[in-house]
Amino acid sequence: MLKVVKSGFYTTIQDSGRFGYRAFGVPISGSMDSYSSHYANSILGNDRDCAVLEITMSGPELHFQEPTQIAIAGADLTPKLNGKLISNNQVIDIKFNDVLSFAGLRNGLRCYLAIKGGLQSEVYLGSRSMYNTISESDTINVGEEIYYEKSPSNSIKTYSNLKYDHDLLSTKILEVENGPEYNELPQELKNKLSKLQFKVSKFNNRMAYQLEPLMSNTLETILTSPVLPGTVQLTPNGNLIILMRDCQTTGGYPRVLQLTERSLNIISQKRQGEKIFFRLTN
Amino acid sequence: MGFNLKYSKFNSSSILIEWPQSIDQNILRDILKFKKSINSHYFKLKVEVINTYTSILIIYDFTIDNFNDEFLTLKELYSSLSTIQNFDSKLWEIPVCYDDSFGPDLIQYSVTKRMSKSEIIDCHTRNLYTVYFLGFLPGFLYLGGLDPKLNLARKKSPSLNVKKGSVAIGGYQTGIYPQDSPGGWHVIGNSPVELFNPKQSLPCKILHGDKIRFYQISKTDHERIIEEIDSNAFKLISIPHHA
Chain A
1 MLKVVKSGFY TTIQDSGRFG YRAFGVPISG SMDSYSSHYA NSILGNDRDC
51 AVLEITMSGP ELHFQEPTQI AIAGADLTPK LNGKLISNNQ VIDIKFNDVL
101 SFAGLRNGLR CYLAIKGGLQ SEVYLGSRSM YNTISESDTI NVGEEIYYEK
151 SPSNSIKTYS NLKYDHDLLS TKILEVENGP EYNELPQELK NKLSKLQFKV
201 SKFNNRMAYQ LEPLMSNTLE TILTSPVLPG TVQLTPNGNL IILMRDCQTT
251 GGYPRVLQLT ERSLNIISQK RQGEKIFFRL TN
Chain B
1001 MGFNLKYSKF NSSSILIEWP QSIDQNILRD ILKFKKSINS HYFKLKVEVI
1051 NTYTSILIIY DFTIDNFNDE FLTLKELYSS LSTIQNFDSK LWEIPVCYDD
1101 SFGPDLIQYS VTKRMSKSEI IDCHTRNLYT VYFLGFLPGF LYLGGLDPKL
1151 NLARKKSPSL NVKKGSVAIG GYQTGIYPQD SPGGWHVIGN SPVELFNPKQ
1201 SLPCKILHGD KIRFYQISKT DHERIIEEID SNAFKLISIP HHA
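Chains as they are written, first to last, in the working numbering: chain A, 1 to 282; chain B, 1001 to 1243.
So that you can see chain B by itself, here it is in the shape it has in the complex (with noise of 0.2 Å):
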């Protein structure tokens, strides 16, 4: 696709691959799709492959004897990916009830932003935002296109404990908290959907490369959604997205 990529040694079983660093949609495209063709090309191997917003990292479980060969394959096979954007992404609806019991942040940022709890949620609800990675903690998502609007600087001192669900803003980006955790965003509300599951081989259906979109609910429908997800009533619903 025509990035230079930078190929380096993280340890002596990783490689770390570099894209230049910004986070920008053609990157992650770009990372996907080697991601994808690294796989592939490993499917015989234990091999690991994660990616950030302008990294892979090829995790073998092996010792690696020659760097330099691995890395001319590699980047053999950069050269020969196909530059047809060919992209199956899913687009996940997330409820989220922002009343001021789950936001503990909402009113103090509401001031300092000088916009309305309405203006806030507005925005935050209107923008498909994209899932560039996971990291952090189990299940949580790394999330792209918050409105510039919405930008607040992070805590200067991390709160101890965040709710589970929590959702909250942090600089130029937007997250949902999947368990108790300390934490230094802005929390302005809270989702009730199980993010990650450790009893499921899947443990997060949400994956890299998939689009999401809050929707508002009232605190009836957390309460009533929470006793569904208890009796597996509630489906988390996601419709085929085409980049």
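Looking at chain A on its own, in the form it has when it is part of the complex (with noise of 0.2 Å):
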């Protein structure tokens, strides 16, 4: 069991989120930061798919009751193993009673802890992923415990061979596409689009990430039509606003931009008042 000491900001259990139910209006969700939280479990040999911690902004205080092994990667969030520092991206031993706490936010703003063979949290529509009205909550909570297989020290090699990719955390420059109705955008507004340098604003979660400034927009809404986690609408009052993983699957604004897979890992790590440009790859 992992017990729940503290939840820290916002800590909610992640996979690859929900295949097969958008039919039924329901979101994909899954690990924002795909690339780190695939990460974290590549290095302890874990399918990718496995169930970890999104940890956000602040990190919780968790309790271990078996020995297994950890790895967190993606933000720094200062982790420390009983009062210990510990490193991002490296196999973590784990006894019986440790401690692992988090210090601060010092770059990046979600990690993932990934534990050997996976959080075994209940499985809603085919997903460990939290969601609200899904899943029973909708992050973890104080004095939960969370159960996992056990796993002896060095029991497995380590796979912390594997390179991160430090610029995910660092750059701004997002790769987009177009979208459906990019086309329909005065060249005036395009050329904005791909030369501006936007913020994060502070309307930002795991559904949507609005951007400043304001563009001022011609387009007209639309007929209700697909969305996807990346997709940049545009709303009449002319708010870009990115879909996260915990987005609607359908949207009425015109889609205008639709961010690379990578893209939408960088822009996860991003916090309120960060800078961002788009780079249009077609």
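Honestly, the hints are just simulated from the structure, not real lab data.
Don't take each hint at face value.
What the hints assert, rightly or not - Each pair of labels, with its calculated beta carbon distance range: (1) A/Gly143 - B/Phe1043: 41 to 51 Å; (2) A/Lys80 - B/Lys1219: 50 to 60 Å; (3) A/Asn107 - B/His1241: 51 to 61 Å; (4) A/Ser87 - B/Asp1088: 55 to 65 Å; (5) A/Val99 - B/Glu1223: 49 to 59 Å.
All C-beta atoms in this analysis are idealised placements derived from N, C-alpha and C, irrespective of residue type, glycine included.
Both chains are given apart, each in its own frame, so use the hints to dock them into the complex.
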């Protein structure tokens, strides 16, 4: 068992998400930064779809009740094991009663804690990803115990020679492609989208990231149509909205750009006020 | 079937197919037929096919190497669709209580529309609605077929908490909120039925292509149905429907 002593600002269980339920209006969900989540699983030799903790901004305090191995990847939240600093991107042996805590965010926004064999929390509609109204709770809670399989120390060889792509945490460039309504934009707005520097607004969460500044928009809303994580919508009042992993399955705002998977991971690590640029690749 | 479709890349692992932009049952029928054929074509692969009023989105579990090849395959599939209209859909009877206590916007709506409460209820329960697709929230049905007389532009600023089961009108659309949520539509009633249950592998029984009719129930009926749902005694009734 993994005992939650402090829950942190916003800590959820995530895996690769819910495939096959979008026709019922169910979002895909899954790790916001899929790269870091997969990386943490990979260096433990886990399947990349294993459930991990997605830790946002400030970390939880966790007590391990069984020996295992863990790995942390993504943002640097200053992880500590029994009060001693440990590093991201390494396999770390855990003994009975070990305490994992986090001393503060240094860069990025979300880190991923993978445990050997994956968290064995309840599966809802084919996934362990937490989402309000699908899973019992939308975050982990103080006092909760999350099950994992015991794994005696040094039972696996390490895979930590896999190199972590640190550029993901520092780059400001989001590679994007045209969205379905891109060509309806006036040339002036197209130019602005590829030249302007945008800022992450305070409205940013697992569903969507709004950007600043507002654009001057003349596009009408569209008939409700499919959207995906990474779709950039433009609202009638000129708000640019990047849809994230918990986004709705359909939307009625023009879809002007589409982020690549890597760009989606990059923006997931950005906080309010951080700057980004779009780079069109087609 | 002869619609001129547009095929495009949506992202590295998904393809968007678009029909002419209009809410039309003939388009829906064409979409659902193509969707069925796409699903059976890809039955060996992990693929998700969703539709809206005028689109199909195919989401693959892998990166597509050559989009043009895939477009060609899909175009061939579309041109080989049979012209026989053969659709199994269901008609669902949905109970709605139009009591003021459940329809916080009903009085204002009635004033704005200059229609009496009973006119509104008659109008809302008379039509047969078509389920075009599900979206917005898990279990939210996009319905077509609202009487144009009931059209009212959505609220300027959305209500922060629309109650689960709320039956509402927004523009030319009507719908049922499957859970508590913010929403900008005018709430005229409430349905006690459970539209979405994540504990079941088929979390929503009502699907795209199905039909819906609302029928009026009293406040006492509403309470009784809620109790029956809690004790698993209520069954939503559907009858086969041929379009």
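- Hint check against the structure, violated hint numbers in rising order: none
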